[in-house]
Amino acid sequence: MPETRYTKEHEWVRLDGATATIGITDYAQQALGDLVFVDLPEPGRTVTAGDTCAVVESVKAASDIYAPVAGRVAEVNAAIVEDPSLVNRDPAGEGWFFRLEGVAGVGAELMDEAAYKAFLETL
Amino acid sequence: MTDQETELARTPLDGLHRRLGARMVPFAGYAMPLQYAAGIMAEHLHCRAAASLFDVSHMGQASLEGEGAAAALELLVPGDILGLKPGRQRYTLLTDDAGGILDDLMVANLGERLLLIVNASRKSFDLAHIAAALPAAVRLVPHTDRALLALQGPAAAMVLARLDPGVEAMPFLGVAERQLAGTAAIVTRSGYTGEDGFEISLPAEAAEPLAVALLAEPEVRPAGLGARDSLRLEAGLCLYGADIDTTTTPIEAGLDWTIGKRRRAAWDFPGGGVIRAQHDDGPARLRVGIRPEGRAPARAGTKLLDDAGAEIGRVTSGCFAPSLNGPIAMGYVASAFVADGTRLAALVRGKALPALVAPMPFVPHRYLR
Numbered sequence: 002m003p004e005t006r007y008t009k010e011h012e013w014v015r016l017d018g019a020t021a022t023i024g025i026t027d028y029a030q031q032a033l034g035d036l037v038f039v040d041l042p043e044p045g046r047t048v049t050a051g052d053t054c055a056v057v058e059s060v061k062a063a064s065d066i067y068a069p070v071a072g073r074v075a076e077v078n079a080a081i082v083e084d085p086s087l088v089n090r091d092p093a094g095e096g097w098f099f100r101l102e103g104v105a106g107v108g109a110e111l112m113d114e115a116a117y118k119a120f121l122e123t124l
Numbered sequence: 011m012t013d014q015e016t017e018l019a020r021t022p023l024d025g026l027h028r029r030l031g032a033r034m035v036p037f038a039g040y041a042m043p044l045q046y047a048a049g050i051m052a053e054h055l056h057c058r059a060a061a062s063l064f065d066v067s068h069m070g071q072a073s074l075e076g077e078g079a080a081a082a083l084e085l086l087v088p089g090d091i092l093g094l095k096p097g098r099q100r101y102t103l104l105t106d107d108a109g110g111i112l113d114d115l116m117v118a119n120l121g122e123r124l125l126l127i128v129n130a131s132r133k134s135f136d137l138a139h140i141a142a143a144l145p146a147a148v149r150l151v152p153h154t155d156r157a158l159l160a161l162q163g164p165a166a167a168m169v170l171a172r173l174d175p176g177v178e179a180m181p182f183l184g185v186a187e188r189q190l191a192g193t194a195a196i197v198t199r200s201g202y203t204g205e206d207g208f209e210i211s212l213p214a215e216a217a218e219p220l221a222v223a224l225l226a227e228p229e230v231r232p233a234g235l236g237a238r239d240s241l242r243l244e245a246g247l248c249l250y251g252a253d254i255d256t257t258t259t260p261i262e263a264g265l266d267w268t269i270g271k272r273r274r275a276a277w278d279f280p281g282g283g284v285i286r287a288q289h290d291d292g293p294a295r296l297r298v299g300i301r302p303e304g305r306a307p308a309r310a311g312t313k314l315l316d317d318a319g320a321e322i323g324r325v326t327s328g329c330f331a332p333s334l335n336g337p338i339a340m341g342y343v344a345s346a347f348v349a350d351g352t353r354l355a356a357l358v359r360g361k362a363l364p365a366l367v368a369p370m371p372f373v374p375h376r377y378l379r
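Quick note, the sequences are listed as chains A and B, same order.
For the working numbering, count along the first sequence from 1 and bump the result up by 1.
For the working numbering, count along the second sequence from 1 and bump the result up by 10.
No lab work stands behind these hints, which were simulated from the structure alone.
Here the structure is a predicted model, which means the values were calculated and not measured.
Backbone N, C-alpha and C define an ideal beta-carbon position, used for all residues, glycine too.
Just so you know, not all the hints are guaranteed correct.
[As the list claims (entries may be wrong)] Stretch by stretch, here's where chain B covers chain A in the computed footprint (C-beta under 8 Å, at least three residues):
no., segment
1, 34 to 46
2, 58 to 72
[Unchecked claim] From the derived model, a few chain B residues whose C-beta atoms are all more than 10 Å from chain A:
no., residue
3, 24
4, 28
5, 58
6, 106
7, 173
8, 216
9, 291
10, 344
11, 355
12, 366
[What the hints assert, rightly or not] So the derived list for chain B, only partly shown, Cβ under 7 Å to chain A, looks like this:
no., residue
13, 50
14, 329
15, 330
When you get a sec, could you build the whole thing from the sequences and use the hints?
Here you go:
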């Protein structure tokens, strides 16, 4: 069972071998509000941790989504482009954003679930 | 609570907003509800379908009293204030000597006085600006002890009439002193959503009981500043500080209609010469509606390009329009590009997205006519 790690920017990353699936947390979707537009990275693009990879827009504002780990974009979730509200409804599941391949590992600064929950308490 | 929050002013409905689960944000020095639990999309659509209650107590309210009040105000605005009949309200602008817009405001004639409603972000400036221009016989009295509620939407008249039978007979842009749930209130039939509706000025301490009574009606839900902004943008209405400011004139902003017929014979208001020249010769740029293709909103500041990629204007307000399920914007473009249907591009995150100049309002007004 791959473990989920979290960033302070409220992305989650699930590493399975060298493949990482990335999305945003329930806290993030609540803070953003109703999403109306999602822009995802081009498959094949190589990203390093911290790169702006995707954009989400609510009625009122736009927010950047960052790559939590380095890798090559293998797949993007076309379903959230068609229906951005899927991210609001199921951020940790059907509302995933993109998959990276060739991922060497996750950085030590990424939090496990307990640490992320503790981090949310400080906000 | 953050330090920043402690410095913010609170409206008389602050406690109610928090009990209703509002997300409070700083706006013009006030803690204001951006949205409630339902979210901007649902709040917006509810206002178009039934009735929404907005707290707009942050806006400035003041009375202009005394012999010659209307004539004194005409020294500062291009609107016909002398011709504003008792019981009527009008939208007008404070202009500067260069023809720029210092603020937009509503003026209501209550018979013995004029009631002014100005933007929150401009109220201290406006009150000083107006007071400095008054003759001895005219007084400007700020109403810092009053709240302002807006009840907007197709069910607004039916709902308000349950508390005050007869209020539904008020005409669009009418103003009247009414008894609402036992409180003397000043009611106008106007708003900032494009829907039929009312704005209600009342003593601060009476605001929460009235808000609670209105929210108890099955058609009414609370709506925050987020929905207020998307509603007014769909209605093609300007936001001061975004779509109009001292760098834009009434002609460039497409607000020629606010210049009274008598006023445009004399052009005797601040910036009258500049505004007259633009009126006669046509402005070099004009505020237009913009419909970007696809789903990506073009936000304020987005550059607008012609076919050759040259910048021909900028977006001043942009959002995703819940009623249209697509993005809308307004902005200023060079005069060669103002015709409806003109093809432009909006430069969003480095990509030139196709967009069309479009008529406003984006969603038809449903005022009582």
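Do the hints match the structure? See the list:
A count of 5 residues in the segment 34 to 46 of chain A with a Cβ less than 8 Å from any Cβ of chain B is obtained; the coverage claim is therefore met, three being the minimum. Figure legend: the segment 58 to 72 of chain A, annotated as covered by chain B; annotation consistent (6 residues with Cβ-Cβ distances under 8 Å, at least 3 required). Distance check on residue 24 of chain B: its Cβ is at least 21 Å (rounded) from any Cβ of chain A, clearing the 10 Å threshold; non-interface status holds. Even its closest Cβ contact with chain A, about 17 Å, leaves residue 28 of chain B beyond 10 Å, as expected for a residue assigned away from the interface.
Under the 10 Å C-beta cut-off, the non-interface status given to residue 58 of chain B relative to chain A holds; the minimum distance is some 14 Å. Remark: the non-interface label on residue 106 of chain B is consistent with the geometry, its nearest Cβ contact in chain A lying 30 Å away (cut-off 10 Å). Non-interface status of residue 173 of chain B relative to chain A is upheld: no Cβ of that chain comes within 10 Å, the nearest being about 31 Å off. A cut-off of 10 Å between C-beta atoms confirms that residue 216 of chain B is not in contact with chain A; the least separation is 31 Å.
Listed as a non-interface residue, residue 291 of chain B keeps its Cβ farther than 10 Å from every Cβ of chain A; the least gap is roughly 38 Å. With 10 Å as the threshold on Cβ separation, the claim that residue 344 of chain B sits away from chain A holds: the shortest Cβ distance comes to roughly 26 Å. For residue 355 of chain B, the non-interface assignment is confirmed: its Cβ lies about 17 Å from the closest Cβ of chain A, beyond the 10 Å cut-off. Under the 10 Å C-beta cut-off, the non-interface status given to residue 366 of chain B relative to chain A holds; the minimum distance is some 18 Å.
Hint status for residue 50 of chain B relative to chain A: holds, with the closest Cβ pair at about 5 Å, below 7 Å. Given the 7 Å rule on beta carbons, the hint for residue 329 of chain B holds: about 6 Å separates it from the nearest Cβ of chain A. Given hint, residue 330 of chain B at the interface with chain A, holds; its Cβ is 4 Å from that chain's nearest Cβ, closer than 7 Å.
Violated hints are absent here; each numbered hint is respected by the structure.
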